[in-house]
Amino acid sequence: MSALLDIESSAVVPAVLPHIARVTLPEYAPKVLSGLMCFPAVRLESASVRVLIPDFNFGIEGTVVQFRQDTDAGQIFIRVAIDANVEANIEFAGRLTEHESSFEIAQVSFRLAPTKDCARDDFVASTLNAALALSQRVHFQMPEGGLDLALGFDLPLIEISRLLQSRQTSHRLMTIERATGIRFDLPQGGFSGTDIAAIIFVYRAIVDRAFTYHLINGLPIVIEADEEGAKRLRSLQESRVIGFGPEEMSRQLLGVEIPLGRMTVKILDPYIVEIDRVREEVAQGDGHPVTLLFRSATNQALFELPEAPRLPPNSWDARIQALIDLERELDSRLIERYHALAAGSLAGLTDEERKRVTTRPQLNKPSLMAILKGKVGL
Amino acid sequence: MTEPPPPGTSLVLDTDVLTHWRTGRPNVLRAINDYQLEFKGSPALTSFTVFEVLCGFEKEAARSRVLLDSNRRAREDFERLVDGCEVLHFDRGAARIAAYVFERIGKSKSNEKWADVLIASTAIAHGYGLVSQNKKDFELIANHLPAGQTLYLTNWQP
Numbered sequence: 006m007s008a009l010l011d012i013e014s015s016a017v018v019p020a021v022l023p024h025i026a027r028v029t030l031p032e033y034a035p036k037v038l039s040g041l042m043c044f045p046a047v048r049l050e051s052a053s054v055r056v057l058i059p060d061f062n063f064g065i066e067g068t069v070v071q072f073r074q075d076t077d078a079g080q081i082f083i084r085v086a087i088d089a090n091v092e093a094n095i096e097f098a099g100r101l102t103e104h105e106s107s108f109e110i111a112q113v114s115f116r117l118a119p120t121k122d123c124a125r126d127d128f129v130a131s132t133l134n135a136a137l138a139l140s141q142r143v144h145f146q147m148p149e150g151g152l153d154l155a156l157g158f159d160l161p162l163i164e165i166s167r168l169l170q171s172r173q174t175s176h177r178l179m180t181i182e183r184a185t186g187i188r189f190d191l192p193q194g195g196f197s198g199t200d201i202a203a204i205i206f207v208y209r210a211i212v213d214r215a216f217t218y219h220l221i222n223g224l225p226i227v228i229e230a231d232e233e234g235a236k237r238l239r240s241l242q243e244s245r246v247i248g249f250g251p252e253e254m255s256r257q258l259l260g261v262e263i264p265l266g267r268m269t270v271k272i273l274d275p276y277i278v279e280i281d282r283v284r285e286e287v288a289q290g291d292g293h294p295v296t297l298l299f300r301s302a303t304n305q306a307l308f309e310l311p312e313a314p315r316l317p318p319n320s321w322d323a324r325i326q327a328l329i330d331l332e333r334e335l336d337s338r339l340i341e342r343y344h345a346l347a348a349g350s351l352a353g354l355t356d357e358e359r360k361r362v363t364t365r366p367q368l369n370k371p372s373l374m375a376i377l378k379g380k381v382g383l
Numbered sequence: 008m009t010e011p012p013p014p015g016t017s018l019v020l021d022t023d024v025l026t027h028w029r030t031g032r033p034n035v036l037r038a039i040n041d042y043q044l045e046f047k048g049s050p051a052l053t054s055f056t057v058f059e060v061l062c063g064f065e066k067e068a069a070r071s072r073v074l075l076d077s078n079r080r081a082r083e084d085f086e087r088l089v090d091g092c093e094v095l096h097f098d099r100g101a102a103r104i105a106a107y108v109f110e111r112i113g114k115s116k117s118n119e120k121w122a123d124v125l126i127a128s129t130a131i132a133h134g135y136g137l138v139s140q141n142k143k144d145f146e147l148i149a150n151h152l153p154a155g156q157t158l159y160l161t162n163w164q165p
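Chains U and X, in that order, give the protein sequences. By the numbering used here, the letter at position 173 of the first sequence is numbered 178, and the numbering carries on one by one without gaps. By the numbering used here, the letter at position 110 of the second sequence is numbered 117, and the numbering carries on one by one without gaps.
Treat the hints loosely; a few may be bogus.
Pairs of lysine-lysine, DSS-like flavour, derived with a Cα cap of 27 Å [said to hold, decoys possible]:
#, chain 1, residue 1, chain 2, residue 2
1, X, K142, U, K360
2, X, K114, U, K121
3, X, K116, X, K66
4, X, K66, U, K360
5, X, K116, X, K143
6, X, K114, X, K142
7, U, K236, U, K271
8, X, K143, X, K114
9, U, K360, X, K143
10, X, K116, X, K142
Derived by calculation from the structure, the hints in this document are not laboratory data.
When you get a sec, could you build the whole thing from the sequences and use the hints?
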């Protein structure tokens, strides 16, 4: 077995990464907060639409590509091209005013989704959906229609979190595509732990070039059971870092082989598995090969891939760059909501009450058995 | 055996760390911020931890006979927090691990540490690392795991 195979099979086992399902983009029913609620009953194909998200100091403009009006049913539908392959479908429910010159909006439904299944479009759609959900107020304007609505979007935190995970994966894939010139088809059913591990690994090789990553199974070195082998074993035991390579490296990513150039792996906090057995074997002195398995006590190694593909300068157009730049704000707004709920779960309680509600229940073994038998649902 | 979670490992909170989050302990808030940057969400909870916290609220409700507004609002926020987290269930895989440990850890320990056994088993069965400040007890549990199973444990100490 070549050293390359050793490194590849051992170093990148994604044993700890869970499957990530493709996110279902939300269908919002935003609250109409304020603003002009009259919608002129004129045809608005090709009209421009602005979506302004003041909390993020961000706005995006699109064009109406379809306008449909059903006066009897009190519905207006517009489809807006937000990006090359991302559209917003918006339905207004309400009624025409007495003079039939405008439409009084009572309810809105809103869905923003890609029309193609590729990383860039998924990135745009998941970023915008997350930004809408994390904003207090979003303005939806159609200057030609005299429309300026303030809408309040709402989404459970877990769904916002999944949008941000989807955004992160798409951003990484988009980066890999840009650096390698390869286009990936996104898997319909979601990303396996192996997919996610490969995406992270290749992305970091491109962006960081030297990075710490998990190393679970360890890497082998073969020495001989003789005096020279014993000397080498002592020297290896004293090493703080054990290096492997350089070897040519490539990773299989969504069915495509990505060449990454030569790779060096340095095991951090190394130790030799079953060192006593190894010592005994080497002490036999008969020259037979002895395999040492190096693992990391902290399950990590430094991976260096200086020849990995590079992201060209100015890789992104202004719109994508602006969406990339929203990351910090998106993260910070989401986590603040989590912290607020965590703090709220003890808010308003006296110190005594807090102490009581946070004391873990004292149960004995029979109580546990009752729980496990389903008397208490878990 | 316990090992530090490899980089990139999803984490689940033990009940004690969840309590520190709720009381706003700075090191836990910082660690959760860092976790969010990497994983784009909150650490997970086990269904057993949810049970333990709900017991706290139920204890108050039973004690005061009527549910006080403050208690009700606090509980609602907790329920919404749980809605926002992945909740790892005590499933068949976890049951196998827990049963194995339970019958090997010793009678007094199994009486005393059963909650921790269920939480550790759930974390392992789902491939998550566990954040707990109760290192000693979880190391004891980890010493009685079935062959080939590892508990990835970290404590987020300040």
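Numbers of the earlier hints that this structure fails to satisfy, in rising order: 2
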